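J.: The primary structure of each chain is shown beneath.
There are 2 protein chains.
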Amino acid sequence: MEEVDHHAHERIKAQFDVEAMKVVWAGSKHNLDVADRMARLVASDPVFSKDNRTMLVRKDLFKNTLRKSLHAWKRINELRLTEEEASMLRLFVDEPAYVDLHWGMFVPAIRGQGTEEQQKKWLPLAYKMQIIGCYAQTELGHGSNVQGLETTATFDPKSDEFIIHSPTLTSSKWWPGGLGKVSTHAVVYARLITNGKDHGVHGFIVQLRSLDDHSPLSGIIVGDIGTKFGNGAYNTMDNGVLQFNHVRIPRDQMLMRVSQVTREGKYVQSDVPRQLVYGTMVYVRQTIVSDASKALSRAICIAVRYSAVRRQFGSQDGGPETQVIDFKTQQNRLFPLLASAYAFRFVGEWLKWLYTDVTQRLQASDFSTLPEAHACTAGLKSVTTSATADGIEECRKLCGGHGYLCSSGLPELFAVYVPACTYEGDNIVLLLQVARFLMKTVAQLGSGKQPVGTTAYFGRVQHLIQCKCDVRGADDWLNPSIIVEAFQARAVRLAVNCAQNISKAPSPEEGFLELSADLVEAAIAHCQLIIVSKFIEKLQQDIQGQGVKEQLQILCNIYALSLLHKHLGDFLVTGCITPKQGALANEQLRKLYSQVRPNAVALVDAFNYTDHYLGSTLGRYDGNVYPALYDEAWKDPLNDSVVPDGYQEYIRPLLKQKYKSSRL
Amino acid sequence: MEEVDHHAHERIKAQFDVEAMKVVWAGSKHNLDVADRMARLVASDPVFSKDNRTMLVRKDLFKNTLRKSLHAWKRINELRLTEEEASMLRLFVDEPAYVDLHWGMFVPAIRGQGTEEQQKKWLPLAYKMQIIGCYAQTELGHGSNVQGLETTATFDPKSDEFIIHSPTLTSSKWWPGGLGKVSTHAVVYARLITNGKDHGVHGFIVQLRSLDDHSPLSGIIVGDIGTKFGNGAYNTMDNGVLQFNHVRIPRDQMLMRVSQVTREGKYVQSDVPRQLVYGTMVYVRQTIVSDASKALSRAICIAVRYSAVRRQFGSQDGGPETQVIDFKTQQNRLFPLLASAYAFRFVGEWLKWLYTDVTQRLQASDFSTLPEAHACTAGLKSVTTSATADGIEECRKLCGGHGYLCSSGLPELFAVYVPACTYEGDNIVLLLQVARFLMKTVAQLGSGKQPVGTTAYFGRVQHLIQCKCDVRGADDWLNPSIIVEAFQARAVRLAVNCAQNISKAPSPEEGFLELSADLVEAAIAHCQLIIVSKFIEKLQQDIQGQGVKEQLQILCNIYALSLLHKHLGDFLVTGCITPKQGALANEQLRKLYSQVRPNAVALVDAFNYTDHYLGSTLGRYDGNVYPALYDEAWKDPLNDSVVPDGYQEYIRPLLKQKYKSSRL
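Those protein sequences? They're chains U and C, same order as listed.
Residues in the first sequence are numbered consecutively from 1, following the working numbering.
Residues in the second sequence are numbered consecutively from 1001, following the working numbering.
Since the hints were made in silico from the structure, they are not lab data.
Treat the hints loosely; a few may be bogus.
Claimed, not checked - DSS-like mimics (lysine-lysine), calculated; alpha carbons at most 27 Å apart, straight line:
#	chain 1	residue 1	chain 2	residue 2
1	U	LYS294	U	LYS121
2	U	LYS121	C	LYS1059
3	U	LYS635	C	LYS1468
4	U	LYS63	U	LYS121
5	U	LYS566	U	LYS549
6	U	LYS50	U	LYS294
7	U	LYS566	C	LYS1120
8	U	LYS580	C	LYS1120
9	U	LYS74	C	LYS1566
10	C	LYS1656	U	LYS658
11	C	LYS1566	U	LYS63
12	C	LYS1566	U	LYS59
Only a predicted model underlies this, so the values are computations on that prediction, with no experimental measurement involved.
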């Protein structure tokens, strides 16, 4: 293909310094440099090519991922990459693989729940990948409700061993990534039973496969759970099924940092605070929020670029048709998603700070902020992943028919992303946890206990419950304090309404269950307030680069006002704003769309994604989409022959009337 | 597996006659009998097995579909099936294939646009499948905007032929189903050029492939456009790309019912009304609405059944956990979708009547209702397909993690369904057409011209624009006339607001473009009103069977009130209802959920779907999901060997430390 840049006329329109925006998006110059180097390293290495990924059968796809994983490990070692660089490199390889669970779940589980002795024994093996581990928690019959797991670990004092057993079909471990075909070891969660007493769910290190020939050890049935949603996508991962038939492990393979079983079979709690577990949860969910902004930004990058290339309708006198990005209906769907990608990026950044803060407090035995931090991360995980999953599919639809082709990259992006709505806590279950915390916060309001952190605004409940929004003209909706107060008032009023309705029920628990759909809405309102607030706080910081802050200001307002429009019922039903003010918000939103329009392509360029990482004919940096679509089509195996396999047997007999229609 | 019915305790709870409801769903006893017979015929025939469909590579998948298509044709002829039975049989084979386009687009195009002579020549060949045809309209660069197509058909008076040509890359035909590998002929849409004058887009019958050896004819480049979203799904279809290099066809292969080109190259319009084309559109879109109810009902059937089997949380004293269908958050998502499936079924039934009505009027040269019928079907196509696509994905999420496995059936159902949002008119483009019609209706209000059909309520604009909703208690929301008036008031007020805002713009066209996001919302409000009204009208008919009408009444109210809650902002911002009334609607909705709960499983049983048609481990009639999930897992090719292919090359070297970590 000739060298072109179909987006050149868009790029010169940008009213801000794109390079400076790249730094803001990456978090720092250092982050940008590392990401840029690793992205190019991966993109230029033929082993990491993504070609044909969506056309391979599962076995070939999986083998190819094994190949890439080993190659990544070789490169990491040859180039002596830092841990930061290594994890960036894995990110840009962009295929879910067993290594994600090894580094992301198995190692942290041992680090967090193992004693010093256990860490000394197992971590060096894991760090060198002499063993490969996974995290075997969920079962066929139990996902969200961890306390309901059925696998048992019964202590046998005679042999000083635990007997790991799957008593039912539904107790089969089911879903753990890396389990199906690769892992040699697993951290297995099972009910600890000593002296006939059930002590609840604990973690155990269990070897699954021989280190000599990879065959499953005696008493262990293990395999893959089958094909998952989408082409390529998560099918590169060997999510597994695992059953134990009275498998024995030494006592010292129970993870004993928080509680122990003695030689005699006595169950003992250590003085290590159990709350430490929540610190890890905050960490994991913070990475999920950060991943949400990555996934959404990839999708919106593709959709914005293609919307700038694609023309449809509106041709005057044979001139060029209108770029679809100029249609208000397209802007009305594209730009709130673009704003969301930025909003999620900044709230993710803030969550990273929160994790550090919580960790430091935990080390100083200060547990006071933990419930709030836990509720806030659970809620943000839920709200950002749901919006991202929906947003990717919306981006696909915004690309018209061509978004349905795998070569657009969007189908795979969607299919590989959606599990985030379910894993690490089902999104609705998590919102109910947030709601429970909010109800507790409301209940304690009279008690003198001050709400902290992201719930601090509940301290102003008296004001927020009766305040009137000050907006008189559309421009008033650009005032951050007006926006924040409207979102605070909505969140407080929804929560207080729920609390009042619950109090009418026969019991609080019955009330909570009955009102749970409303409670979910109150929880969402609280979480959206957090995201809006953190975006606004980000803008109060020093931000370098010509025009950068101005663009972010526009995006922040689009994010807030598009949410307000989407949830207008909430704001009106609670009387936070008037119908007239709602209409003014909408009017302001249209003005903001016009402001962001000339900057749209530059704002997705600021993500600094390589064509390799995007993997999309429609999202190419140079915008040369039609030749790319055309060339990709011919690569489909169905085009290997002009006359398709099956013609002789199944088409020719039809045309040659071997089967005559007797009636039609 | 042992014979069980895990849903037995649910089925005895049903408060209505399920067999009678089956008749209502099917439309008549006759329809039910035909569907039931055809579904069983397909389910019992091993050639139509769906096993492994999601695991096959494209070539094998496609060949298998060719096999099924031929087998279906054989069975149709052997059993001397009627046209109705044949199309039912194809429905239950449940794989998109070239035959769909042959029967659904190619044949109707010739029927509708061909002269009698042309019909006499081509239809017998098509009926016997001695030729196989497709419908080549969309191009790489043009989808929604048909008038922008670039392919040319230039009349050559010397040879009395048309020269079909693709002047650019973007003029390549792109997407037509059945084109890529199978069709011997196509109806090709191209710009007609005679004597240097462009007469716009017309249809031409073009032979593409040799009837002897299936090779493309001279000047024709044809192939498949590549892999599409999802496992199995639409990849059974050979959507194609097609380029013409000055291909000549005889003049009599232009479809000449509406306009002709004479031997001398003169362009002549016949006296056949061009509006006939819209009749066909009404027909096609009516089938799409009917398909929406089918797709959504399959998804909700799976989700309801699995939600009744799956238990999570809430165990008291070691007793069984709570069925997830008992959680209000689950009901709040499941039951509106269940109600939607029924609502779409009945509005589809009404559209079928509308098509007959329009056709009869057209034959009597009465074009008065056509614009309204056209707007109404365009809007219903848009609203029902969007809700169905979202609804299927929601059902998948409602099944938790297991919904992500292909064996749940939901990923394929989603992937195969979503194109409906784009084909036959992009959903947003269609809503703008509806909005344009509504604006015209508003503009004509003073003129004395009475709005007809589904827009008749605009005749009461003076009342609707200032009426007050009468609801005082939650039960008032069960009153159909209150519901209808609230929906009418919302629709009228949104439309009138738009018209007023447009009138402030420098020109109506600029105003329309600027306000288009609001116009889309007004169009949606109008379409939702139609669906609600038609559901209510259905209930005014005689409906047989104990308890059947009562159940439908509950579903109708759930449909209306859940929409009201979802779009609460619309109702409040236009002052159609008060915040208090909005809260009462929500309260009533919760009561309705409790009423539908004991009937939920029976209400999806009434769809009468076979396990073959559902194709879901989670949606099995007997509810025995866990053994089914487990058995399906082991069928994955990745489980062919215990130690995976790739172990020696890519896992063992890692474990055996051939690549030592130098730093980590």
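J.: Given the hint that LYS1656 (chain C) pairs with LYS658 (chain U), test it: the Cα-Cα distance must not exceed 27 Å.
T.: 61 Å, violated
J.: LYS580 (chain U) and LYS1120 (chain C): Cα distance at most 27 Å?
T.: 63 Å, violated
J.: For the pair supplied as a hint, LYS635 (chain U) and LYS1468 (chain C), is the alpha-carbon distance within the 27 Å limit?
T.: 62 Å, violated
J.: Is LYS121 (chain U) close enough to LYS1059 (chain C), meaning Cα to Cα at most 27 Å?
T.: 50 Å, violated
J.: Holds or violated: are the alpha carbons of LYS566 (chain U) and LYS1120 (chain C) at most 27 Å from each other?
T.: Distance of about 55 Å is beyond 27 Å: violated.
J.: Mind checking the alpha carbons of LYS566 (chain U) and LYS549 (chain U) for me, to see if they're no more than 27 Å apart?
T.: 25 Å, holds
J.: Against the 27 Å threshold, does the CA-CA distance of LYS294 (chain U) and LYS121 (chain U) hold or violate the hint?
T.: 36 Å, violated
J.: Are the Cα atoms of LYS74 (chain U) and LYS1566 (chain C) separated by 27 Å or less?
T.: Given pair LYS74 (chain U), LYS1566 (chain C) is violated - Cα atoms ~53 Å apart, limit 27 Å.
J.: Has the given pair, LYS63 (chain U) with LYS121 (chain U), been kept, meaning a C-alpha gap of at most 27 Å?
T.: 31 Å, violated
J.: Does LYS294 (chain U) sit within 27 Å of LYS50 (chain U), going by the straight-line distance between their CA atoms?
T.: Satisfied, since the Cα-Cα distance of roughly 18 Å is no more than 27 Å.
J.: Given the hint that LYS1566 (chain C) pairs with LYS59 (chain U), test it: the Cα-Cα distance must not exceed 27 Å.
T.: 44 Å, violated
J.: Against the 27 Å threshold, does the CA-CA distance of LYS1566 (chain C) and LYS63 (chain U) hold or violate the hint?
T.: Status violated; Cα separation ~46 Å.
In this structure, the earlier hints numbered 1, 2, 3, 4, 7, 8, 9, 10, 11, 12 are contradicted, and the remaining ones agree with it.
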